[in-house]
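A.B. asks: Take the sequences, apply the hints, and build the full model.
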Amino acid sequence: MTYEGVDFYDIESELTDEEKMVRDMARDWVEAEVVPNIEQACRDGVFPDEWRVALGEMGVLGMALDGYGCAGMSYVAYGLVCQELERGDSGVRSFASVQGSLAMYPIHDFGSEEQKQKYLPKMASGEWVGCFGLTEPDYGSNPGDMITKAVDEGDDYVLNGAKMWITNGTIADVAIVWAKLDGVIRGFIVEKDDPGFSAPEMTGKHSLRASVTSELVFQDCKIPKDRILPHVEGLKGPFSCLNNARYGICWGAVGAAQSCFHSAKEYALSRIQFGNPIAAFQLVQNKLAWMLREITKGQLLALSLGRKKDAGTWTPEQISLAKMNNVDMALEIARMARDIHGANGILDEYPIMRHMANLESVKTYEGTHDIHNLILGRHITGIQSFTREL
Amino acid sequence: MVTIAVLLKQVPDTTARITVSDGRVDETAISTWVTSPYDEYALEVAIQHKEASGASITAITLGPPRADKVLKDAAALGVENLVRVWDDAWESLDSNQVQAALSTILEGVEADWIYCGKQSADRNQGSTGPGVAERLGMACIVEISDWDVTGAQPSFTRATSSGNERLAPTPPIVLTFTKTETELRRPNVRGIMAAKKANIEVVSADIGDAQVQVVAHNPPAQKPEGRKFEGAESVPEVVGLLRDEAKVI
Ligand SMILES: Cc1cc2nc3c(=O)[nH]c(=O)nc-3n(C[C@H](O)[C@H](O)[C@H](O)COP(=O)(O)OP(=O)(O)OC[C@H]3O[C@@H](n4cnc5c(N)ncnc54)[C@H](O)[C@@H]3O)c2cc1C
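If you read the protein sequences in the order shown, they are chains C and L.
In terms of our numbering, the first sequence opens at residue 1 and continues consecutively.
In terms of our numbering, the second sequence opens at residue 1001 and continues consecutively.
For the record, the hints were derived by calculation from the structure and aren't laboratory data.
Every value quoted in this text rests on a predicted model; they were computed, and no experiment measured them.
By construction, the Cβ of each residue, glycine as well, lies at the ideal position given by its N, Cα and C atoms.
Every clue listed holds true.
If you anchor each label on the Cβ, the simulated ranges turn out as follows:
hint, chain 1, residue 1, chain 2, residue 2, range
1, L, Ala-1232, C, Ile-346, 26 to 34 Å
2, C, Glu-266, L, Gly-1208, 46 to 54 Å
3, L, Thr-1015, C, Gln-219, 53 to 61 Å
4, L, Lys-1196, C, Ala-280, 42 to 50 Å
5, C, Glu-360, L, His-1217, 49 to 57 Å
6, C, Glu-31, L, Val-1214, 32 to 40 Å
7, L, Glu-1237, C, Asn-276, 23 to 31 Å
No farther apart than 27 Å at their CA atoms in a straight line, the calculated lysine-lysine pairs in the BS3-like style are these:
hint, chain 1, residue 1, chain 2, residue 2
8, L, Lys-1069, C, Lys-20
9, C, Lys-149, C, Lys-180
10, C, Lys-265, L, Lys-1228
C.D. replies: Here it is in structure tokens:
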């Protein structure tokens, strides 16, 4: 049966034909390929390689960028794709976010012409996978204090340090690595076979199991001089990538929430207790009504943010609010849906626990929930409270 | 150059809930419209044929403005010419009128190969392909389930209960397709961007008067309520009912 998303406020009427077509393309693919196979992928702890190929063939990797094999579609279209992918699994959306927003985008916006020509077409087609190395073992929320270093050694840059929690790291052909050169944060393109570079996979995750998470290790890693991203310096580089990826999460979280809502609705209508479907009880209806309300608000927020992005008028604070809100509501919906499913809710027969566990990562990465609170707090009061003298 | 025409009809999604009000299907209550599934196979063959021969494809639909969607979807898969036949005065056309409209357009296209579904998924009449062929003075092969369009001489296979029949037609000809195991291709973002720029030509045609009037649409009779049996002692009764009443064992 064709999947129909939640659309209580007729968002459909605000989308262009192309946006709807791209959304349906992603929706059909997720329904046919991800939904039937995701539990096995999670059990095995792998991101199936066929999905990389399919995402490339569909052309969704870097789809909002212009030229170099990228489609130049609207950010709303990109958001709708993220929504569909994450309805399947946050790991699939993470793959697309990292590739498009975190690896291709910095090359596209801060790279040299040669770098764009060399990397972007192969990344758009999915032939090459990219990753984004910002977080370090000791520097998560405050990447500005990172210790990974690059040294100018005449013909080469030499990198030393380690990154952690890097999505796609082990399967990446290309890593965008942020490191300090003479104390200033710069972006470097590291290729998988560069000497002194390794990317061991991290194991033991209870969350985002169908996504590869890795360390990146640089031991006197030598890269040619033309691998520095010439057009950006400082935290602006990684932060502008994160803005784009956070935007994708705003939509993605709506997708995960919809998946939980649908499952809860179906279950509530069919599960009989005390002689009635549990959907007939007011307490359960209250939960379903809350879910619909939050999903609808989240959709409107994401759409409004997308239109602002396409018009070039969004602010980082608006992105923070939407990322924080939508992940928060999705996580709460997952928990509520689990409750409605009773004991069945813990089984992998339903998507609930998987989404719930995934969303715990999504709440933390791309700026933790509270870091976004602090961004808004600073916006409201004019006082930054990220750091404090003790 | 080889020219292909493919006839695509927009129908309610096969899982859409159909409601009847005042003796007519309430089209406004149908949320999702899709390309008739059989036509999707016709389109797939057309695209395979184009890939092998460098043919050009014209997709034709008969329908109101919402039917543009099936043409845009076809454009996203690489179809270059899009034509929608319509007249705001048209309401419920009979088979003769549909065939008249489509064959008028087809005469202009001068297609070598005319592909369509064996029937539409809503009306299920199965009259369009053969009827258009008749009007154009061409032969027609119906219910094709396999094909090879890679060579200079395309061939088409019909599966019948008594075996297969493989046919090698000389164009121009009309071919109708049934559903098969073939995986239909998906659009991609680049195709969808190209479809955005695609131009849909809207034309009308002289279709004469209708011979058939719809008196009323009626929903299917309500299914009788299910019956519930409990306990092992009811097994003989259930078996008896399955055999004598439901006649399934
Ligand atoms: C599955 C997964 C994939 C990831 N993928 C990537 C990737 O591809 N690339 C990448 O670079 N990183 C990635 N990350 C890392 C992610 O971005 C970081 O985990 C995140 O930035 C938080 O850093 P941390 O885990 O070190 O937590 P910490 O920064 O140590 O935070 C711990 C807690 O302290 C709170 N906190 C921190 N500072 C403050 C403060 N000033 N005021 C109040 N509260 C504060 C936080 O909100 C949080 O609750 C990934 C993480 C996960 C889980």
